[in-house]
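Quick mapping for you: the protein sequence lines, in order, are chains A and B. In case it helps, numbering that gives the first Met the number 0 puts the first sequence at residues 0 to 471. In case it helps, numbering that gives the first Met the number 0 puts the second sequence at residues 0 to 179.
Accuracy of the hints is not assured; some may be wrong.
The calculated lysine-lysine pairs, modelled on DSSO-like cross-linking and capped at a C-alpha distance of 30 Å, are [claimed, not checked]:
| # | chain 1 | residue 1 | chain 2 | residue 2 |
| --- | --- | --- | --- | --- |
| 1 | B | K89 | B | K122 |
| 2 | A | K465 | B | K161 |
| 3 | B | K51 | A | K33 |
| 4 | B | K170 | A | K206 |
| 5 | A | K290 | A | K370 |
| 6 | B | K122 | A | K201 |
| 7 | B | K4 | A | K465 |
| 8 | A | K113 | B | K51 |
| 9 | B | K24 | A | K206 |
| 10 | A | K293 | B | K138 |
| 11 | A | K113 | B | K138 |
| 12 | B | K24 | B | K89 |
| 13 | A | K465 | B | K122 |
FYI, nobody ran anything at the bench for these hints, they're computed from the structure. Remember, predicted model here, so these are calculated numbers, not experimental data.
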Amino acid sequence: MRVCGVSVKDTTTLLLDEEPLITGNQTFSSITEKISGIVEGETNKIWFILLGLTSSLALMFFGSMGFLFWEGVGIWGVNNPVGWGWSIVNFVFWVGIGHAGTLISAILFIFRQKWRTSINRFAEAMTLFAVVCALIFPGIHVGRIWIAYYMFPLPNQMAMWPNFRSPLLWDVFAVGTYFAVSLMFWYTGLIPDLATLRDRAKTRFRKMILAIFALGWRGGNKQWKNYEFAYLLLAALSTPLVLSVHSVVSADFASAVIPGWHTTIFPPYFVAGAIFSGFAMVMTLAIIARKVYKLEHIITVNHLEKMTKIIMLTGMMVGYAYAIEFFVAWYSGNVFESFTFVNRAFGPYAWAYWIMVSCNVIIPQLFWFKKIRTSVPIMFVISILVNIGMWFERFVITVSSLANDFLPSSWDYYSPTVWDISLLIGSFGLFFSLFLLFIRFLPMISIAEVKGVLPQADPHYYEITKNRSRDE
Amino acid sequence: MNNRKSEGILAEFENPAELIHAAEKLRDANYNDFDCHSPFPIHGMDRAMGEKRSILGWIVGPVAFIMAIFGFLFEGWTSVIAYPLVISGKPLFSYPAFGVVAFALMILFSAFTSLFGMLALNKLPRYHHPVFYSDNFSKVSDNGFFVSIEATDAKYADDDAKNFLISIGGKNIEFLIDND
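Take these sequences, add in the hints, and give me the full structure.
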């Protein structure tokens with residue numbers, strides 16, 4: 000029999016001899032065992048130590064916020080003219096981190112990239128926790144936190160409504176929606192896996208809690224039919240959403256008249272940067288998780304190599320944007336624009352600029368070499384450097400433009416205070432605490448989806464193996 | 000066996016291929032209230048069971064459309080009628096600026112509808128179902144492939160169903176009886 004000009008025998012050979020995504024001859028139950036085992040087993044000692052450390056930092060985060068509310072934003076290094084300091088830098092950084100999770104779960108799903116199944120669950124969790132950190136910063140940045148609800152269109156006795164013409168309000172809606180949709184997408188993915196944990200639960204209490212959240216999932220095809228459609232719809236909704244969120248964030252800058260901000264390249268440039276930094280964060284977390292929980296067969300070097308390629312690609316997009324910004328500043332003939340970019344590279348913040356360029360543009364070029372793309376320790380280091388570089392990118396954009404704007408008499412140098420630093424480090428504490436709790440209590444890899452990409456999940460597999468054994 | 004009436008029947012199959020063949024045979028034998036349970040969605044199962052495409056898209060689509068329009072009109076109403084305020088000399092009805100929030104609202108409510116619509120179509124949460132009477136059924140979320148026929152099916156009769164399931168290769172056949 001021939002289909003599309005290829006004999007069925009050839010295609011079946013292809014299907015069987017293709018290098019499997021999941022290595023180590025896994026079966027359905029070995030996948031269940033491996034991933035649920037992490038959640039059900041004894042708590043790792045390292046986990047306690049790490050959680051102790053990260054939750055202390057998270058405590059510092061909340062303590063610093065408490066002092067901020069008490070004392071006011073004067074405790075930060077913000078000055079005149081740099082009214083947007085680390086808070087906004089951290090906000091943009093954390094939103095960006097989140098983007099890779101949605102890219103993996105939604106865009107790669109629509110493009111039918113099966114390798115995403117090994118990493119999508121914890122990438123989505125990472126998105127959620129990053130967006131939690133991101134939402135905190137603009138929230139506390141308003142200064143008078145107790146009237147932060149003014150940002151929402153709530154009917155009130157003052158008959159006041161928010162200004163829908165402001166990009167800062169767009170942010171509230173874009174990032175808020177992003178959080179809500181990511182949460183729903185993540186939970187939808189979790190339902191079948193929660194059912195797995197429910198069915199394996201040993202104690203009555205555990206079974207009850209898991210049963211509540213699994214919603215009585217029975218894995219019947221009449222359910223899968225609607226489930227898969229909902230999953231597809233959520234992916235289709237998240238795809239334009241993720242592209243819009245960082246575009247909206249970039250509009251905070253691009254719609255201002257400050258030189259270095261007022262450019263049309265910002266939306267695509269920010270989106271590429273977000274995916275770049277997010278993938279680096281997914282990689283950092285994946286490398287640690289696969290090492291600690293021995294998941295090398297599920298998150299293989301093949302998966303990591305695919306991620307390095309995306310990091311390299313988006314890194315080059317970011318590098319291209321840096322170059323075009325310079326070109327346009329010169330080509331526009333606008334003295335303020337030209338000055339801003341020369342000042343970024345050679346002015347008082349040149350150190351930050353060159354950290355950014357080396358980490359984001361130069362270092363990812365190492366991924367051209369197959370040896371480096373398959374060396375786990377090297378990619379671990381590069382992934383961390385990329386995130387450092389991407390934090391500095393936001394710092395350079397935010398601070399260097401504000402510090403030296405149109406009028407030299409108003410220029411000032413910005414330096415952070417101890418509170419800026421404690422809030423940044425503290426936000427990492429919160430992020431990693433949430434992440435550690437997640438990998439301890441929920442399946443960090445999608446059990447149902449990984450089973451779905453095993454060769455034996457395809458009904459044709461059995462026919463092919465039968466034919467093959469008969470031929471032999 | 001006690002005297003309680005069975006609420007259905009459950010049979011186990013070896014693998015996805017067998018489950019698909021079983022589904023085709025059940026469909027051809029005109030069973031309606033049956034379901035094929037598996038740890039992951041099986042490609043081609045909808046056709047094998049004679050299932051129609053999910054109608055979820057027809058629910059989410061209108062919600063998306065309505066919310067985008069609502070968002071846009073709401074922004075226009077607050078900016079022009081409820082709280083007219085001139086900011087940086089811009090017109091009150093600055094419609095290009097309204098796109099982002101209208102879009103966000105469209106996505107947000109469509110996503111809510113996708114999740115809750117899916118749950119509603121699947122009649123979830125439902126914590127009590129005859130298939131859960133079977134202890135063996137807990138394998139369904141690990142490596143078990145099951146067919147269940149509910150007693151509500153017009154064609155259902157205990158012995159007929161059992162013989163039919165045996166004839167199509169079902170194993171570990173059990174009646175779903177509440178024995179708590």
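Hints versus structure:
no.	hint	result
1	B:K89 - B:K122	violated (50 Å)
2	A:K465 - B:K161	holds (28 Å)
3	B:K51 - A:K33	violated (35 Å)
4	B:K170 - A:K206	holds (27 Å)
5	A:K290 - A:K370	holds (20 Å)
6	B:K122 - A:K201	holds (27 Å)
7	B:K4 - A:K465	violated (41 Å)
8	A:K113 - B:K51	holds (26 Å)
9	B:K24 - A:K206	violated (35 Å)
10	A:K293 - B:K138	holds (25 Å)
11	A:K113 - B:K138	holds (25 Å)
12	B:K24 - B:K89	violated (68 Å)
13	A:K465 - B:K122	violated (39 Å)
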